[in-house]
Amino acid sequence: MSREHLKRFRTPYPDYNVLAKWDTPSFDDVTRRVIAHRLEHVPKRRFLDEAQYALLRAVMDTVLPQPERSEADRIPLEALLDEKLAMNLTDGTRHKDVLTQREAWPRGLAAIDAEAHAMHGRGFLSLSADERHSVLEAIDTGRVDGEHWKGLVPKSFFRHVLLKQAVKIYYSHPAAWNEIGFGGPAAPRGYLRLGPDMRDPWEAEEKRRPQEAEDLSEDET
Amino acid sequence: MSAIASDAEFTLRATKGRAPNVFRRGEWVPMREYDENEPVDFAIVGTGCGGSVLAARLAEAGFSVVAFDAGAFYRPLEDFASDEAEQEKLYWLDERISGGNDPLEFGSNNSGKCVGGTTVHFQMVALRFRPEWFKSRTALGYGHDWPVDWREMWRYYAIAENDMKIAGPVRYPWGPKRGRYPYREHELSASALVLARGAEAMGVKWTTTPTASLSAPRGEAHPCVNRGFCKIGCATNAKQSMLVTYVPRALAAGAEIRDLAMVGRIETGPDGRATGVHYHRDGKWRFQKAKNVVASGYSIETPRLLLNSASEKHPDGLANSSGLVGKALMAHTNNAVWGIMNEEIRWYKGPPSLAVCEHWNYVDEGKDFDGGYSFMSQGPLPTDFATTLVENEGPFGADLRNWMAHYNHMAGLKIVGETMPNDDNRVELSDEKDRLGLPIPKVTFSLSDNDKRLAAHAEDFMSRMLEAAGGSNLFHTASTAHLMGGCRMGDDPATSVVDASGRSWDIDNLFVCDGSLFPTAGGVNPSMTIVANSLRIADRIIAMGKRGELSQSAAADGKRGA
Ligand SMILES: Cc1cc2nc3c(=O)[nH]c(=O)nc-3n(C[C@H](O)[C@H](O)[C@H](O)COP(=O)(O)OP(=O)(O)OC[C@H]3O[C@@H](n4cnc5c(N)ncnc54)[C@H](O)[C@@H]3O)c2cc1C
Ligand code: SF4
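Residue numbers (this note's numbering), protein chains in the order written: chain A, 1 to 221; chain B, 1001 to 1562.
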């Protein structure tokens, strides 16, 4: 059984705030317009129905848990994803015999809920954090019942649709840039110090080493 | 999303006798305009490495030229944000159906849609082919020979490198002697030093990557400030994309550029020869008459356009008597190894691939595969790296955030690996239609056993190298990059689509000039070879003009050969 609830994410850059550079030469007008819009505009639900939307939020909180953030500070992954689906933004590729994003999401969410019932006898929403994690883990390792998936390949939906879209949204947010120490916007001013362990004064300062990284690939089937 | 940044995607900018001045905010340069009903000498479809170079050179030689691009005409200084999500506007995001055993990803991965083409968001690695690759069938026993001699290409590479002020090392460690690069090499970033350290530990040569980013001022463009957003569009104009090099040259020489203009069909007359192009702009379909038409839309759109232009005389599509239009599409394998370094790397700074190793392009011993590969240091932006991480390894939950918190300690090595030309890898038209009513392309791609052996060799070598450089917690990722082929050039009408001048064997006033001409892929990034080849084709077309071998009017009777 997963010990997910015991894991706590700690950023190596607790004092860094990329938005503190807002009025410095690291930000230009066009970037300010784009980032201001991202921060201020939380889209209203348009594409998914209410139940799907609640489920999506629970799934997003499992793949990218943000326990340390208040509701106001939380990166609203479900809202931004729903907007993408509503706008039917495509990324240039439609895999042959694979469902479109608009078809895949409702079906994938329903299948996740069905797996929750099959594994724990309850819907995903009423599961604990550990149980939720274990359901998604089963999906990623293929230990699931193909029946629920109706044409979706569980692992490929999980990685190439769900996780991919989640990280594209999450790591586009300044709060995420802060926690990984990314320099963020850098025009017209870029950087001068490029060498190892070198940092310009306008870059994030590492206050502690990143936590030990869990080895990847070990739970590969 | 994009409307917040600029109106370029919705409003024609190259119109009313002017076009954007890409070096200034809000300013314009004069642009000559041509009448749709007067046949222009050349209608060129696409403004990337093929189209813009040809447009500039042909206009400079006195031809009347109109170049079309489906995408927007940006001014980088005011339109490009330092933001990955916003800059998706540079990609060709129209759907393509992708199949085969190893289906390709399009969009951000290999296809641009804007004036300047894919180079507006390319990574600026500016390498030359190994000379033997131009005769890979006769010299190395695989693939197809190019209908050109490497020495001729070598001359054109030098011109291309000077036109783009490539910043590179004084002495390049592989291949025959080449002159100095026009601009001095860039300062190495920490991520490049990881490659250097690894190469030295493994006993192979490495060098600073020749890079299409200014290391010193050029005209109104400032040198690179190491902001590291190159792959999503450079907002300072240090990057020498087609948009800030050959496109302004084309305009200054009297070419017209039509932005937001999607060409749907090349028209042919009763004699089977090209008469002009149908294009969609400003809400309706229009027609431009032309004496010669050039397809420069890259490896998916060029075949798509030729196939969609089928007519009574050309039932299988234009230039397709060989049946090869759309076939032998190639990509580069893009396998990578990533690891955590003890020191802070902060790979978001500087052009992302500042060090390169071409060892396995030039050494043939000890390989269990045909072809070669180069590899470079890496510097992906956050969503780019996160996507690579989750798609290949699937971490999620606190582990995912934790992994991403190593972002500033990560380093990576990634290959540009040659794949073999295979006729089964191809572009076709599907039965589905896009917004404009054009058939959506369907692409089939599978790696060969040889391609997989090459990738496995590279993974093994690079893993040992990254470990030797101090990397830990290594993991591998697999993907592809770049497109080549689909309209092969050659010496024989039975086995190629066009001749050495890019002229189609079937229709004497129809040319192809872009990355789709590649008979083989080579183990380096393709754009310098496309630019050099386009410069060469331009000279050949100009010479043909002088000899009176070009179509003088749409109805002229200049039939050649077939
Ligand atoms: C992320 C990325 C990084 C890269 N990095 C490098 C690198 O470091 N070094 C390197 O050498 N190469 C690199 N490349 C590859 C390089 O950019 C391309 O190979 C090159 O730009 C192709 O040139 P082209 O002229 O054939 O096509 P493109 O540059 O793609 O130009 C084609 C143009 O035609 C237009 N078009 C297509 N069809 C139509 C139509 N029907 N009507 C009107 N317009 C049309 C498109 O909008 C586009 O602007 C990279 C590519 C990508 C995506
Ligand atoms: S690193 Fe240099 S080339 Fe790249 S975006 Fe920045 S200024 Fe442009």
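Some hints could be false.
Pulled a few chain B residues facing chain A out of the computed Cβ check, cut under 8 angstroms [unchecked claim]: (1) Ala1005; (2) Ala1085; (3) Leu1093; (4) Ser1111; (5) Leu1193; (6) Ala1196; (7) Ile1345; (8) Ala1386; (9) Val1390; (10) His1406.
Derived contacts from chain B toward chain A, CB cut-off under 8 angstroms, selection only [stated by the list, open to error]: (11) Asp1007; (12) Glu1078; (13) Ile1097; (14) Thr1138; (15) Ala1139; (16) Val1363; (17) Ala1398; (18) Ala1405; (19) Leu1436.
Subject to a maximum C-alpha distance of 25 angstroms in a straight line, what follows is the list of computed PhoX-like cross-link-like pairs (lysine-lysine) [unchecked claim]: (20) B:Lys1433 - A:Lys96; (21) A:Lys207 - A:Lys21; (22) B:Lys1289 - B:Lys1313; (23) B:Lys1442 - A:Lys96; (24) A:Lys150 - A:Lys7; (25) A:Lys96 - A:Lys84; (26) B:Lys1284 - B:Lys1433; (27) B:Lys1442 - A:Lys164; (28) A:Lys84 - A:Lys150; (29) A:Lys96 - B:Lys1452; (30) B:Lys1289 - B:Lys1016; (31) B:Lys1205 - B:Lys1177; (32) A:Lys150 - A:Lys96; (33) B:Lys1452 - A:Lys155; (34) B:Lys1452 - B:Lys1442; (35) B:Lys1313 - A:Lys84; (36) B:Lys1135 - B:Lys1452; (37) A:Lys96 - A:Lys164.
These are computed hints drawn from the structure, not numbers from a lab.
For clarity, every value in this text was computed on a predicted model and none was experimentally measured.
Yeah, the Cβ is synthetic: ideal placement off N, Cα and C, and Gly gets one too.
Quick rundown of the hints versus the structure:
1. Ala1005: It holds, given that the least Cβ distance between Ala1005 (chain B) and chain A is near 5 angstroms, below 8 angstroms.
2. Ala1085: Cβ of Ala1085 (chain B) sits 4 angstroms from chain A, so the hint holds.
3. Leu1093: 5 angstroms, holds
4. Ser1111: 7 angstroms, holds
5. Leu1193: Cβ of Leu1193 (chain B) sits 6 angstroms from chain A, so the hint holds.
6. Ala1196: 11 angstroms, violated
7. Ile1345: This hint holds: Ile1345 (chain B) lies near chain A, its Cβ roughly 7 angstroms from the closest one there, short of 8 angstroms.
8. Ala1386: 4 angstroms, holds
9. Val1390: Hint holds; Val1390 (chain B) Cβ to chain A Cβ min 4 angstroms, cut 8 angstroms.
10. His1406: With a minimum Cβ separation of about 5 angstroms from chain A (threshold 8 angstroms), the hint on His1406 (chain B) holds.
11. Asp1007: Given a least distance of 12 angstroms, the restraint on Asp1007 (chain B) is violated.
12. Glu1078: 6 angstroms, holds
13. Ile1097: 5 angstroms, holds
14. Thr1138: 37 angstroms, violated
15. Ala1139: Since chain A brings no Cβ nearer than about 36 angstroms to Ala1139 (chain B), farther than 8 angstroms, the hint is violated.
16. Val1363: 29 angstroms, violated
17. Ala1398: 4 angstroms, holds
18. Ala1405: Constraint on Ala1405 (chain B) satisfied, holds at 4 angstroms.
19. Leu1436: Status violated, d = 15 angstroms.
20. B:Lys1433 - A:Lys96: Distance ~15 angstroms between Lys1433 (chain B) and Lys96 (chain A) Cα, so the pair holds.
21. A:Lys207 - A:Lys21: 19 angstroms, holds
22. B:Lys1289 - B:Lys1313: 19 angstroms, holds
23. B:Lys1442 - A:Lys96: 9 angstroms, holds
24. A:Lys150 - A:Lys7: 34 angstroms, violated
25. A:Lys96 - A:Lys84: Given that 25 angstroms is the threshold and the Cα spacing comes to 21 angstroms, the pair holds.
26. B:Lys1284 - B:Lys1433: Status holds; Cα separation ~17 angstroms.
27. B:Lys1442 - A:Lys164: 23 angstroms, holds
28. A:Lys84 - A:Lys150: 23 angstroms, holds
29. A:Lys96 - B:Lys1452: 22 angstroms, holds
30. B:Lys1289 - B:Lys1016: 19 angstroms, holds
31. B:Lys1205 - B:Lys1177: 16 angstroms, holds
32. A:Lys150 - A:Lys96: Holds - the C-alpha atoms of Lys96 (chain A) and Lys150 (chain A) are around 16 angstroms apart, at most 25 angstroms.
33. B:Lys1452 - A:Lys155: 23 angstroms, holds
34. B:Lys1452 - B:Lys1442: Satisfied, since the Cα-Cα distance of roughly 23 angstroms is no more than 25 angstroms.
35. B:Lys1313 - A:Lys84: Cα-Cα ~44 angstroms, so violated.
36. B:Lys1135 - B:Lys1452: Roughly 23 angstroms between the alpha carbons, so the hint for Lys1135 (chain B) and Lys1452 (chain B) holds.
37. A:Lys96 - A:Lys164: With a Cα-Cα distance of about 19 angstroms, the restraint between Lys96 (chain A) and Lys164 (chain A) holds, given a limit of 25 angstroms.
Taken one by one, the earlier hints fail for this structure at numbers 6, 11, 14, 15, 16, 19, 24 and 35, listed in ascending order.
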